[in-house]
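Participant: Residue numbers (my numbering), protein chains in the order written: chain A, 1 to 218; chain B, 1 to 410; chain C, 1 to 280.
I should point out that these hints are in silico values taken from the structure, not numbers from a laboratory. Quick reminder that beta carbons are idealized off the backbone N, C-alpha and C, glycines included. Some clues are possibly wrong.
As the list claims (entries may be wrong) - If you want a taste of the chain C side facing chain B, the calculated C-beta under 7 Å gives, among others:
hint, residue
1, G66
2, N172
3, G183
4, V209
5, Q210
6, L213
Said to hold, decoys possible - Taking lysine-lysine pairs in the DSBU-like style, the calculated list, with each CA pair at most 30 Å apart, reads:
hint, chain 1, residue 1, chain 2, residue 2
7, A, K166, A, K138
8, B, K303, C, K9
9, C, K220, A, K169
10, A, K169, B, K159
11, A, K166, B, K381
12, C, K56, B, K115
13, A, K169, B, K184
14, B, K238, A, K103
15, B, K209, B, K303
16, B, K113, C, K56
17, B, K113, C, K221
18, B, K125, A, K169
19, A, K166, B, K238
20, B, K115, A, K57
21, C, K9, C, K277
22, C, K9, A, K57
23, B, K184, A, K166
24, B, K381, C, K221
25, B, K381, A, K57
26, C, K220, B, K381
27, C, K277, B, K159
28, B, K113, B, K184
29, C, K220, A, K138
30, C, K56, C, K9
31, B, K115, B, K184
32, B, K159, C, K221
33, A, K166, B, K182
Claimed, not checked - Pair by pair, the computed Cβ-Cβ distance ranges are:
hint, chain 1, residue 1, chain 2, residue 2, range
34, A, S79, B, E279, 47 to 55 Å
35, B, Y120, C, P53, 42 to 50 Å
36, B, W154, A, P102, 43 to 51 Å
37, A, L15, B, R189, 42 to 50 Å
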Amino acid sequence: MHPSPDIGIWIGGLLTLGIFSFLYGDNPYYKFCEALFVGVSAGHWFITLFWTVFIPKLLGNIGIAIHTFRTEGFAAGMSDYMHWSYIFGGILGFLMILRLFPKIGWISRWSLAFVVGTTAGYYFINYLVSNGLMQIQKTILPLTSVGNIILVVGTFCGLIYFFFSKEHKGAFGGLARVGIWFLMITFGASFGYTVMSRMSLLIGRMDYIFGIWLGMIR
Amino acid sequence: MRVEKEKMVLDRGFSYLLLLAFFFLILFSTNSFAQDPSDTLAPESVTNVDAFDTPNDNGHSITVSWELSSDDGAGKNNVVVYEVYRSDSPEGKFEKRGMVPAGENTFEDQGAKEKDNANYLPSHKNFYYRVRAKSDGLFSDSEISLPAYAYGQWYHTGKTPVLVAVILFSVFAITFITLARKGKLFYIRPLAGIEAVDDAIGRATEMGKPILYIFGLGTADMIATIASFTILSRVAKKTAEYQTPILIPCYDSVVMAVAQETVRAAYLEAGRPDMYKEENIFFLTSMQFAYVAGVNGIMLREKPATNFYLGKFYAESLILAETGSIAGSIQISGTDEIAQIPFFVAATDYTLIGEELYAASAYLGREPVLLGTLKGQDWGKAVVIFSLILGALAASFGFQFFINLFRIQL
Amino acid sequence: MGFFERLLKIDRRIIFTFIAVAIALPLFFNVSMYVETTSEVVGIFSAVDSLSPGSKVLISFDYDPGSMPELQPMAESFLRHCFSRDLKVILMGLWPQGPLQANWALDVILNDPDIKVKNLKYGVDYVNLGYTAGNEVVIQRMGSDIHAAFPVDYYGTSLDEIPLMRGVRNFNNIDFVYNLSAGYPGTMEWVQFAADRFHARLGAGNTAVQAPLMYPYLGKKQLVGILGGMKGAAEYEVLAQRPARAVRYMFGQGISHAVVIFFVIIGNLAFFATRKKKES
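Sequences and hints are given; from them, build the entire structure.
Facilitator: See the structure below:
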């Protein structure tokens with residue numbers, strides 16, 4: 001056994017055990033690790049966004065625009081719309097901060113409206129093509145093999161299940177029932193995959209504890 | 001003038017060809033006994049080189065096609081690659097633009113659209129192409145193509161199915177929204193998870209415990225989160241009436257802002273604006289598992305009577321639902337993140353599967369826009385089902401034309 | 001209370017202990033399991049294997065340390081494969097943590113004896129473009145101009161000054177795109193934008209959680225292949241004939257799955273047995 005001399009690894013190991021202790025029950029050790037985790041991650045996130053978005057994207061681009069304005073004159077500066085356009089985003093972001101002031105907080109809805117509206121439009125075509133039309137195209141198959149038949153029948157019944165304007169009764173209800181069976185089988189497969197994923201994460205942690213931290217492996 | 005010039009060039013080309021033929025004749029006659037003739041003879045040149053604007057793009061690209069050399073796959077069978085050359089005048093310097101392996105007869109000369117790019121290919125300018133059939137070191141050039149220029153198209157014919165689908169679905173949605181606005185009530189089948197909402201809130205009131213409402217990791221622009229806002233509005237109104245506190249720890253600051261807005265409006269509508277507590281709707285952290293750790297702590301300490309998990313969920317779904325079930329809460333869940341539905345099905349009392357979440361928001365909100373859209377979607381699904389059946393039959397009986405209706409080129 | 005009732009009310013901590021032992025114990029033995037390869041993994045492997053030396057491969061690291069055990073081995077074996085085939089590698093991330101994951105993987109692979117002798121140079125053989133905010137919009141921007149999406153690399157050098165990036169303007173100049181994804185933005189966005197819109201050749205490594213959701217996209221036009229979770233990572237290592245971490249982990253994975261299946265079976269047996277009793 002050769003425990004790691006690295007203090008960072010020790011902290012990592014002790015915190016891992018702290019979070020694991022939740023499996024036994026809620027306790028102060030877990031609470032400490034949880035609070036630390038929440039605080040550190042919120043801070044980390046803030047700093048990351050500040051340095052990767054706010055500084056380079058907003059200040060950086062507007063800085064370039066101002067620089068062109070000052071060095072190349074008024075006309076060139078004004079026509080540098082690519083860099084100036086970031087001001088628009090900056091203003092929308094500023095409007096978000098206004099919600100700190102209850103009286104004019106409603107203005108922040110404009111920014112939200114912009115985000116919701118643009119993304120909805122942006123996604124519409126992409127989803128329609130990649131998840132809609134392309135998948136329909138892939139499902140139009142000759143009913144000549146068992147696999148193809150299952151695929152077509154499964155898609156058909158699944159769609160029937162997600163019909164909301166008709167009550168699931170009679171033959172329609174029967175098809176919807178087949179649909180939910182297909183869904184449940186899909187969920188089962190998905191469940192299996194996720195179990196694998198979770199086990200992998202645990203293996204990674206165990207390897208950290210016994211291998212990297214405590215040096216008991218190899 | 002121009003015709004004469006081209007003719008002259010062809011003549012020159014012809015004389016070169018003669019010279020070349022002569023050269024090879026000598027080469028062939030001296031080496032014919034030593035080597036296999038196919039190794040020492042250049043492949044036949046390709047014919048019918050045709051250059052034309054690449055269809056369905058924004059210009060800056062020309063497609064070249066040709067008929068394969070007679071020595072490609074047959075004859076001497078010694079073609080290895082075809083190289084494509086371009087020039088802006090028939091007698092100018094021809095520049096290599098790319099190559100394709102033997103057996104292929106088209107090449108897309110894709111240029112850049114920025115002027116300062118070395119690869120710039122201007123639109124509306126004539127270019128001439130030549131294709132070189134190459135064997136291991138020997139080659140023969142084709143005749144020069146007629147001029148062609150690149151230009152952008154306004155309409156992408158390969159995307160017609162997309163246009164049709166967009167129009168069809170939009171017409172459905174707009175029609176049914178208009179009908180709903182005019183007061184037509186559409187039937188929506190009951191959803192078990194939603195029927196349970198009132199009971200769940202009642203139970204919390206009896207126990208004197210709060211209600212926990214989780215949006216998951218979605219941002220405010222995701223459809224699942226938007227649907228969840230509508231449901232929250234209804235839930236919050238009920239909690240205001242029952243005077244039960246509602247806790248909403250948030251993962252996203254914008255979601256938190258909208259949630260505060262929603263709950264405030266719901267309390268106002270219920271006539272209890274005094275009951276609204278902004279500090280109950282708070283930001284936790286934007287890191288997945290830190291968020292889970294935080295929410296888990298809240299569940300075990302506050303022991304909420306009812307947990308709602310409605311929105312976009314990822315790996316945290318099972319951990320949350322499992323902890324909630326240990327804490328003994330009634331749990332209602334719903335997400336359109338398919339991978340997470342199994343866990344919600346297994347660990348919560350009611351689950352809204354995928355689109356049921358959107359339906360639930362229409363069902364509860366009773367807003368014409370939502371109801372109309374839902375009805376429109378059902379019609380859209382009917383069209384899909386119909387084309388699926390017809391398509392499968394067409395494919396089984398070999399009616400290719402029907403299948404081609406769905407073919408998209410991007 | 002009968003045997004089955006007691007079984008149903010088993011303390012979950014007992015199950016936790018079983019799983020912990022099943023996972024930890026195999027780590028101490030140097031046993032590797034037979035890993036069978038599947039066509040989805042072979043699809044990616046052969047796509048990379050058939051690229052000619054000097055071809056450019058883009059790897060997007062769209063995950064954070066939370067998914068490291070699954071995705072890091074994929075990143076490492078893929079990088080090793082690229083470098084051993086003398087491919088040029090462009091690294092980036094749509095997640096803020098991505099470029100850091102990329103550097104960790106680079107650290108491991110560049111110190112691998114087989115790769116070290118190649119004496120690879122930053123900016124010539126590989127480059128880390130860093131992170132850019134904007135999720136799928138970044139991919140769309142890259143489709144028209146990578147230099148606009150990433151004006152500078154991870155270390156702040158202008159892309160125009162990096163030899164490797166000089167001729168790379170958009171997906172037309174990239175021969176293969178490999179996406180390592182743990183959620184959003186991730187493989188779905190790469191399919192929708194890079195593959196569907198810009199016709200990039202795309203392969204993906206996914207956490208096992210989201211892998212099944214990507215199967216509908218498998219096919220020449222959308223996804224040439226997919227690595228699902230630890231198993232996918234192990235398969236790639238086997239194909240590259242360099243068994244590493246993922247293969248080593250597979251033994252524990254197998255044993256723990258057996259334990260889970262065992263509990264699922266007895267849980268169901270108990271459930272049906274007690275239900276019958278209640279009915280009668």
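Participant: Take the hints in turn and mark each one as holding or not.
Facilitator: We went through each hint and held it up to the structure:
no.: 1; hint: G66; in the structure: 6 Å, holds
no.: 2; hint: N172; in the structure: 6 Å, holds
no.: 3; hint: G183; in the structure: 5 Å, holds
no.: 4; hint: V209; in the structure: 5 Å, holds
no.: 5; hint: Q210; in the structure: 6 Å, holds
no.: 6; hint: L213; in the structure: 6 Å, holds
no.: 7; hint: K166(A) <-> K138(A); in the structure: 28 Å, holds
no.: 8; hint: K303(B) <-> K9(C); in the structure: 22 Å, holds
no.: 9; hint: K220(C) <-> K169(A); in the structure: 41 Å, violated
no.: 10; hint: K169(A) <-> K159(B); in the structure: 39 Å, violated
no.: 11; hint: K166(A) <-> K381(B); in the structure: 13 Å, holds
no.: 12; hint: K56(C) <-> K115(B); in the structure: 24 Å, holds
no.: 13; hint: K169(A) <-> K184(B); in the structure: 23 Å, holds
no.: 14; hint: K238(B) <-> K103(A); in the structure: 27 Å, holds
no.: 15; hint: K209(B) <-> K303(B); in the structure: 7 Å, holds
no.: 16; hint: K113(B) <-> K56(C); in the structure: 21 Å, holds
no.: 17; hint: K113(B) <-> K221(C); in the structure: 25 Å, holds
no.: 18; hint: K125(B) <-> K169(A); in the structure: 66 Å, violated
no.: 19; hint: K166(A) <-> K238(B); in the structure: 28 Å, holds
no.: 20; hint: K115(B) <-> K57(A); in the structure: 26 Å, holds
no.: 21; hint: K9(C) <-> K277(C); in the structure: 16 Å, holds
no.: 22; hint: K9(C) <-> K57(A); in the structure: 56 Å, violated
no.: 23; hint: K184(B) <-> K166(A); in the structure: 16 Å, holds
no.: 24; hint: K381(B) <-> K221(C); in the structure: 25 Å, holds
no.: 25; hint: K381(B) <-> K57(A); in the structure: 42 Å, violated
no.: 26; hint: K220(C) <-> K381(B); in the structure: 27 Å, holds
no.: 27; hint: K277(C) <-> K159(B); in the structure: 61 Å, violated
no.: 28; hint: K113(B) <-> K184(B); in the structure: 52 Å, violated
no.: 29; hint: K220(C) <-> K138(A); in the structure: 12 Å, holds
no.: 30; hint: K56(C) <-> K9(C); in the structure: 57 Å, violated
no.: 31; hint: K115(B) <-> K184(B); in the structure: 57 Å, violated
no.: 32; hint: K159(B) <-> K221(C); in the structure: 16 Å, holds
no.: 33; hint: K166(A) <-> K182(B); in the structure: 21 Å, holds
no.: 34; hint: S79(A) <-> E279(B): 47 to 55 Å; in the structure: 49 Å, holds
no.: 35; hint: Y120(B) <-> P53(C): 42 to 50 Å; in the structure: 28 Å, violated
no.: 36; hint: W154(B) <-> P102(A): 43 to 51 Å; in the structure: 50 Å, holds
no.: 37; hint: L15(A) <-> R189(B): 42 to 50 Å; in the structure: 48 Å, holds
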